[in-house]
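K.L.:
So the chains spell out like this:
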Amino acid sequence: MRELNVERITSVIEKLCIEANCILPPDVKKALENSVREEVSPLGRDILKDILKNAEVAEENMIPICQDTGFAVIFLELGQDVKLVGGNLNDAINEGIRRGYAGGYLRKSIVDDSFLIRKNTGDNTPAVVHTRIVPGDRIKIILAPKGGGSENMSALRMLKPADGVTGIKNFVLEVVDKAGPNPCPPVIVGVGIGGTIEITTLKAKEALLRPVGQHNSNPEIAQIEKELLEEINNLGIGPQGFGGKTTALAVNIETFPAHIASLPVAVNIQCHAARHVEAVI
Amino acid sequence: MTKNITTPLTRETINSLKCGDRVLIDGIIYTARDAAHKRLVEILDLGKGLPFDLNDQIIYYVGPCPAKPGRIIGSAGPTTSGRMDPYTPKLLKAGLKGMIGKGFRSQTVIDAIVKYGAVYFAAIGGAGALLAESIKEAEIVAFPELGPEAVYRLKVEKFPVTVVIDKEGNDLYRIGKEQYRKI
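Sequence lines, in order, name chains C and R.
In terms of the numbering used here, the first sequence opens at residue 251 and continues consecutively.
In terms of the numbering used here, the second sequence opens at residue -5 and continues consecutively.
Honestly, the hints are just simulated from the structure, not real lab data.
Fair warning: there could be bad hints in the mix.
[Stated by the list, open to error] Only pairs whose alpha carbons sit at most 20 Å apart, straight line, appear in this in silico SDA-like list of lysine to any residue: (1) R:K62 - C:V307; (2) R:K176 - C:P292; (3) R:K152 - C:D296; (4) R:K62 - C:K495; (5) C:K280 - C:L459; (6) C:K369 - R:K152; (7) C:K303 - R:K32; (8) R:K32 - C:K333; (9) C:K495 - R:I66; (10) R:K12 - C:P292; (11) C:K333 - C:T416; (12) R:K152 - C:K333; (13) R:K42 - R:A29; (14) C:K280 - C:E269; (15) C:K280 - C:G463; (16) R:K176 - C:T416.
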């Protein structure tokens, strides 16, 4: 067993909070640069250029790309040969969030209950943590701060198996069309298909972690991703919803086996500030 | 084309703004989002005076990040405007003339914009670092206990926005989409 003090996890998460919020991932930047060349609306092109300029200003000054520095969503892959010492893992994670959001001058956007008093917790805790136990003696931490504007435009529907690919595509298009300008397009569309409802939505969120431009390894699913991207970009919504071609930068689909009676589909929308970073310790 | 305007908004300025115009704003604007809107409308409902003069002013829907040492304000981009829709007609009636946010407005709000001769601008959602560069002064004027949701008085220079709903009720989100829709 490899012993690891949870204090390491705290300090890594503290750094990841600041890095994720201030530096736009290179794959997203590249996709935005391509979209400037392909956008047909002059206003849309100006908007895309400003979004790229924003990323430069943020990185240069190490200030957040977007003031909504999000819910701290963490995917933790915990090697089964790691023995954690020095404290409680969950407390260590939240302490990392607390330090990162304070030290990085990030906005604290979490209220302690969702519909009663809605008092801000003051330190952006708790984090949302998804843990998987995996072989090995390492810990992989992925931090993906998730903004409220795009999360609010996400949706889940329990389709019938007979609805098939057409039903899935129609649902995804409907969600993106209805969202219009609200999730700050251009967006990245994460789609989860199959499983039980909690897995369906988790798959949709995991889909957002895949680099822009990389397709599902199953060629049939990759084809659906490409078709959906084209159809979404024909909706006319465009950058910031002002009209144009660049409504989405990518459609990423992740799947899970399903019950013989079910075809659940979740759509998780991510704004262009598609922030995620990872570290292995 | 890009137009330069100053606050407070005059009738002449509002008349000159058309849906789709890019605009640079100079002058004072006020911030308010969900919690501050709730309080402002509660004050109006009680028939009391607001903590700042709303007449001919612009409200910016934003909850900024804390300022790093040496900076005026943290990242400060717009939040989704639709959440303010239930409160907006009352503020327009009370003299508000402009709003900056992002995303759809309800038909009730569009009707109120036309009725009171106001304008709805969008700033780029997710460009809070760039937008903060145009903010030259920031001072809390109400509800400091709301943290990022407090009301700030901002002095802005060349603050970049786009006219989404003009005083005629033309809506760029509808018009722009129709122009480029292919399915």
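K.L.:
Next, verify each hint and record whether it holds.
P.N.:
Results of checking the hints against the structure:
no. : hint            : result
1   : R:K62 - C:V307  : holds, 14 Å
2   : R:K176 - C:P292 : holds, 17 Å
3   : R:K152 - C:D296 : holds, 16 Å
4   : R:K62 - C:K495  : violated, 37 Å
5   : C:K280 - C:L459 : holds, 16 Å
6   : C:K369 - R:K152 : violated, 35 Å
7   : C:K303 - R:K32  : violated, 34 Å
8   : R:K32 - C:K333  : violated, 49 Å
9   : C:K495 - R:I66  : violated, 36 Å
10  : R:K12 - C:P292  : holds, 16 Å
11  : C:K333 - C:T416 : violated, 47 Å
12  : R:K152 - C:K333 : violated, 56 Å
13  : R:K42 - R:A29   : holds, 18 Å
14  : C:K280 - C:E269 : holds, 18 Å
15  : C:K280 - C:G463 : holds, 10 Å
16  : R:K176 - C:T416 : holds, 19 Å
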